[in-house]
Every structure is written in structure tokens, then in C-alpha cells.
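J.: Here is how the chains run, residue by residue.
2 protein chains.
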Amino acid sequence: MAAERSGGGDPARTLALLWRRPPEPKPVGRKPKVSVDQIVTAAVAVADREGLGAMSMARVAQELGVGTMSLYTHVPGKAELIDLMADTVLQERDLTPEGGWRERVKHYADRTRAVYQAHPWMRDVSMVRPPLGPGLMDGQEFVLAALADSGLEPRQVTVAHVAVEGFVHGAAASEVDDQQLAATTGESGDSWWGARQVFWDDYFDVERYPAMTALWNAGAYDTEGTLADTITSSFDYGLDKLLDGIEGGMR
Amino acid sequence: MAAERSGGGDPARTLALLWRRPPEPKPVGRKPKVSVDQIVTAAVAVADREGLGAMSMARVAQELGVGTMSLYTHVPGKAELIDLMADTVLQERDLTPEGGWRERVKHYADRTRAVYQAHPWMRDVSMVRPPLGPGLMDGQEFVLAALADSGLEPRQVTVAHVAVEGFVHGAAASEVDDQQLAATTGESGDSWWGARQVFWDDYFDVERYPAMTALWNAGAYDTEGTLADTITSSFDYGLDKLLDGIEGGMR
DNA sequence: CCCCATTTCCGTAGGCCATACGGAAACAAT
DNA sequence: ATTGTTTCCGTATGGCCTACGGAAATGGGG
Numbered sequence: 001m002a003a004e005r006s007g008g009g010d011p012a013r014t015l016a017l018l019w020r021r022p023p024e025p026k027p028v029g030r031k032p033k034v035s036v037d038q039i040v041t042a043a044v045a046v047a048d049r050e051g052l053g054a055m056s057m058a059r060v061a062q063e064l065g066v067g068t069m070s071l072y073t074h075v076p077g078k079a080e081l082i083d084l085m086a087d088t089v090l091q092e093r094d095l096t097p098e099g100g101w102r103e104r105v106k107h108y109a110d111r112t113r114a115v116y117q118a119h120p121w122m123r124d125v126s127m128v129r130p131p132l133g134p135g136l137m138d139g140q141e142f143v144l145a146a147l148a149d150s151g152l153e154p155r156q157v158t159v160a161h162v163a164v165e166g167f168v169h170g171a172a173a174s175e176v177d178d179q180q181l182a183a184t185t186g187e188s189g190d191s192w193w194g195a196r197q198v199f200w201d202d203y204f205d206v207e208r209y210p211a212m213t214a215l216w217n218a219g220a221y222d223t224e225g226t227l228a229d230t231i232t233s234s235f236d237y238g239l240d241k242l243l244d245g246i247e248g249g250m251r
Numbered sequence: 001m002a003a004e005r006s007g008g009g010d011p012a013r014t015l016a017l018l019w020r021r022p023p024e025p026k027p028v029g030r031k032p033k034v035s036v037d038q039i040v041t042a043a044v045a046v047a048d049r050e051g052l053g054a055m056s057m058a059r060v061a062q063e064l065g066v067g068t069m070s071l072y073t074h075v076p077g078k079a080e081l082i083d084l085m086a087d088t089v090l091q092e093r094d095l096t097p098e099g100g101w102r103e104r105v106k107h108y109a110d111r112t113r114a115v116y117q118a119h120p121w122m123r124d125v126s127m128v129r130p131p132l133g134p135g136l137m138d139g140q141e142f143v144l145a146a147l148a149d150s151g152l153e154p155r156q157v158t159v160a161h162v163a164v165e166g167f168v169h170g171a172a173a174s175e176v177d178d179q180q181l182a183a184t185t186g187e188s189g190d191s192w193w194g195a196r197q198v199f200w201d202d203y204f205d206v207e208r209y210p211a212m213t214a215l216w217n218a219g220a221y222d223t224e225g226t227l228a229d230t231i232t233s234s235f236d237y238g239l240d241k242l243l244d245g246i247e248g249g250m251r
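Heads up: the sequence lines are chains A and B, in that order.
Residue numbers 1 to 251, in the numbering used here, belong to the letters of the first sequence in order.
Residue numbers 1 to 251, in the numbering used here, belong to the letters of the second sequence in order.
Simulated from the structure, these hints should not be mistaken for lab results.
This one's a predicted model, so the numbers in the text were calculated from it and none came from an experiment.
Here are the simulated DSBU-like pairs of lysine-lysine, each with C-alpha atoms no more than 35 Å apart in a straight line: (1) A:78 with B:78; (2) A:33 with A:78; (3) A:106 with B:106; (4) B:78 with B:26; (5) A:106 with A:78.
Build the full structure now, drawing on both the sequences and the hints.
T.: Structure follows, in C-alpha cells:
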């Protein structure tokens with residue numbers, strides 16, 4: 001399915017929800033059975049367990065023991081709920097400003113990666129028109145402050161920021177993709193690749209792919225760790241090299 | 001919606017489709033009204049125009065003037081169709097091995113980016129358990145050959161490969177997200193941000209976000225180009241710095 | 001105590017989706 | 001013309017989001 005995202009909903013309403021500005025206390029009328037926080041928490045729980053595809057309004061309502069349509073009293077729609085979910089889990093990053101600028105950027109990357117690990121459905125949430133809530137904004141401030149401390153020119157800071165942000169979210173997403181698929185399809189990555197052994201037997205052409213063959217013969221793929229370990233170390237390696245490049249470009 | 005992907009379908013069947021190994025000519029029986037190629041082409045056309053979310057089996061069948069269920073004679077299911085679509089558009093890259101290893105990696109990045117530009121729905125296709133077809137494999141061979149020429153150790157080549165691949169696909173995905181959203185929601189990125197002017201007026205806290213405020217005041221965000229231009233130059237910048245880092249790490 | 005404005009709850013229904021099943025239709029060989 | 005084989009596709013099931021409108025709960029005023 002396509003990436004989930006907030007749409008044309010009233011920005012003012014969505015922002016008020018993101019920053020938890022209650023519309024104002026209601027002196028009369030029926031008492032709410034559920035709150036926005038409860039809805040978001042339940043939605044996150046469902047998505048954590050069964051993926052974003054399983055996070056339907058009906059499923060969340062069931063989780064809370066209320067009717068499906070009751071949710072729409074508190075939340076404009078599914079897209080806005082996903083925005084709330086994303087900003088909420090981004091707040092879990094708990095960023096502590098310690099060390100030099102490089103340490104802080106790596107800290108940011110690690111914390112963000114941890115969010116994706118804990119909430120694999122974040123892979124399916126687009127971040128180009130992000131939820132402008134505290135979770136996202138605090139993160140932006142943190143990286144920008146770190147990059148600004150590096151000595152880059154202001155204009156360069158913004159360019160480097162987009163590059164770092166893209167790398168972190170992209171790498172975290174692909175790192176998490178595998179476990180998300182394992183969870184939703186019930187098949188592990190290793191098992192998936194194992195079932196495709198046929199490919200190497202019946203389709204791989206040594207003459208068409210000399211570089212891959214050479215690397216294979218050189219033992220480049222004789223790794224002990226699991227697939228997940230390989231991806232993780234590549235994540236660290238890539239960020240390191242990216243920061244090396246940024247640092248080197250300043251001189 | 002969650003990322004679309006091929007599932008537990010019979011790998012042998014899917015591989016045969018990807019590499020276009022026809023099951024064997026049928027001497028008797030009713031003549032097919034449509035071919036696999038026609039189905040894939042129609043599906044790509046629909047997804048290009050209306051996004052992967054609109055690419056339903058019914059929609060594709062309608063496009064071809066056949067019944068929905070007829071498609072299932074030629075393709076096991078929707079997941080496998082998406083695999084075929086992805087591998088097909090990846091074949092459009094037309095990679096020419098010219099220049100040094102850096103030029104070739106950048107060439108690969110540019111061609112891959114072009115695929116995402118032409119087919120924004122690729123953002124929604126997971127690449128951790130990729131379609132093992134010619135489109136993907138030829139690309140892998142190309143980058144691996146380039147990286148192997150850089151002088152890195154074989155083990156290092158594979159690590160760098162994952163980092164580069166992650167960056168390229170991640171950056172291309174985020175670069176394309178905006179236009180995909182513009183296409184499916186009918187609202188441009190600039191219009192979207194404009195509607196969120198309220199945020200800066202009512203929610204942005206100068207004291208909470210000093211680094212952002214300082215950058216703003218320093219004119220770091222006074223760019224002439226569009227949002228898309230900014231993202232593109234950050235893409236180039238990021239890849240450059242990543243390759244700088246990889247190159248520097250060899251010495 | 002009753003009434004009523006106000007607010008929340010939620011059943012129904014419409015219009016999408018993927019795909020299992022099984023029969024109808026087309027075709028080649030006999 | 002019959003038969004075997006293959007493709008085509010109508011129907012049905014069970015899911016999804018959410019517009020609509022009425023039922024139920026609540027607190028205040030008479």
C-alpha cells in the first residue's frame with residue numbers, strides 16, 4: 001500500500017491535537033469514554049504488534065471497547081491519527097546534548113534508529129510533509145544545533161541537515177523493513193532468502209555477473225552474523241563516512 | 001498503508017516470471033487475451049498516473065478491457081505483480097560503465113534517482129526482500145563492480161555497498177515523496193507548507209528552538225529555488241560526502 | 001423533579017479493495 | 001461433432017474508511 005500520511009485536514013485542528021491544546025473544557029454534555037491519548041496509545045500498540053496495515057479504525061476501537069465511529073469525535077480521521085502516532089513515538093527519543101557535534105549527531109541517529117526499531121511501522125510514514133509536533137521539532141532542533149556547532153556556514157548547515165536526515169530515516173527504514181516483514185508475513189528474512197536458493201541454482205549467471213562472483217569467491221559474503229547485524233554495521237559505517245565527508249569539506 | 005511487497009508466493013513461479021521464462025507454449029486451448037507484459041505495462045501506467053494505492057487489480061483489468069479475475073491466470077497475485085513492476089522499471093536505468101569508480105557510482109545514483117522520478121510509487125516498494133530479477137541484479141552488479149574497482153577490501157566493498165544502496169534508495173524515496181503526494185492528494189508541497197503558516201505564528205517557540213531561530217535569522221532558509229531544488233542539491237551533496245568518506249577511509 | 005440544550009456514542013450503509021471458487025467460452029486435435 | 005485443455009470472468013466473502021443521523025448520557029434551569 002502507499003505511504004500513509006496526513007492529508008488536507010484542517011491544519012489548525014491537527015496542530016492543536018499535536019501540541020495537545022484541548023479545545024476548551026465542556027461544562028455540559030455526555031462525558032467522553034475515551035481520550036485522544038488513549039486512542040493514540042491504542043493505535044500505536046496495534047501498529048507495533050500487527051503493522052500499520054492492521055491499524056484500522058475498527059481495530060483500534062475494538063481495542064478500546066468502543067464503537068468505531070466514536071473515534072471520529074476525537075480525531076478527524078485516520079491520516080491525522082497517524083500523524084499523532086508518529087509525533088508521539090518521536091518524542092521517545094529523549095535527546096541529551098552531550099559531547100562534540102559528531103557525538104551528538106550520532107546520538108540523534110541512534111535514538112531515531114531506536115524509535116524505528118521499537119515501531120517498525122514508522123517505515124511507512126512519509127516524512128516530507130511531517131507532523132509539525134513537538135516530537136519532530138525537538139529532533140530537528142537537536143541536529144541543527146549540533147551541525148551549527150560544527151563550524152559549517154549557515155547555508156551549509158541546512159544542506160547537511162537534509163542529507164543527514166535523509167540518511168538516518170532512510171537507513172533506519174531499511175534496517176527495520178526486514179523485521180516488519182517478518183512480523184506481518186510470519187516469515188523471517190533468513191527463511192525468505194533460503195527459499196530463494198533456487199535463484200542461485202537456476203538463474204544466477206556467472207558470466208553476466210563477474211563482480212558479484214569475484215566478491216563471492218573472495219569470501220566477502222562469508223559473514224557469521226545475521227542479516228540484521230550486517231545492515232546495522234553498514235548503517236554505522238555509512239553515517240561515519242558521511243560525517244567524515246562533511247567534516248573534511250569544511251577545511 | 002504499509003509497504004507493498006511480494007509475500008509467500010511460490011519463489012519458483014515468481015522467478016520464472018521475473019526472468020520471463022514462459023511456462024512452455026500451449027498448443028491447445030483458448031488463446032490468451034492479455035500477456036504478462038501487457039499487464040505489467042498497464043499496472044505501471046496506472047501507478048505512474050494515480051499512485052500505487054490506486055493500482056488495484058480491478059483498475060488494471062479495466063485499463064486492459066478484461067475482467068478482473070482474468071489477471072490471476074497470468075500473475076499469481078498483486079504482490080507478485082508489484083515485484084514485476086519494480087524490476088521492470090529498474091531495467092530502465094541503462095547503466096553505461098564509463099569513468100572512474102566514483103563517476104560510475106554517481107551515474108548509478110543518478111539513473112536510480114531518475115527511475116524514482118519517473119515512477120514515484122517506487123517509494124512504497126520495499127527493497128529489503130527485493131525482486132531477484134534482471135533489473136535489480138544488473139544494478140547490483142554495476143555498483144559492486146565500481147566499488148570493487150576503488151581498491152577497497154572485498155569485505156569492505158559489501159559494507160560500503162549496503163551504505164550506498166541505502167543512501168541512494170532512501171534519498172531518492174524522500175526526494176520523490178513530495179511529488180507523489182502532490183499527485184495523489186492534488187496539493188503541492190508549497191501549498192501544503194503555506195497552509196501551515198499558522199504553525200510559525202501560533203506554535204513555534206523561539207526560546208525552545210534557538211538553533212533554528214538563529215539559522216533563520218542568519219538567512220540560511222532564504223533560498224530562491226523550490227523545495228525540490230533544495231532536496232536535489234542535498235542529495236548530490238550527501239552522496240559526494242559519503243563517497244569522500246569512503247575514499248578517505250581507504251588510506 | 002422534569003426538561004432540554006449540548007455533547008458523545010455508535011449502527012447503518014455506500015463504495016472501495018483482494019481473491020477463492022466454479023462454470024462458461026474458446027480453441028486444437030480427433 | 002466430440003473431447004480435452006486453457007483462458008475468461010461473475011459472484012460472493014470479508015475486509016476497509018467514513019458520511020449521516022438518531023440514541024444515549026449529562027448538567028443546569030425552572
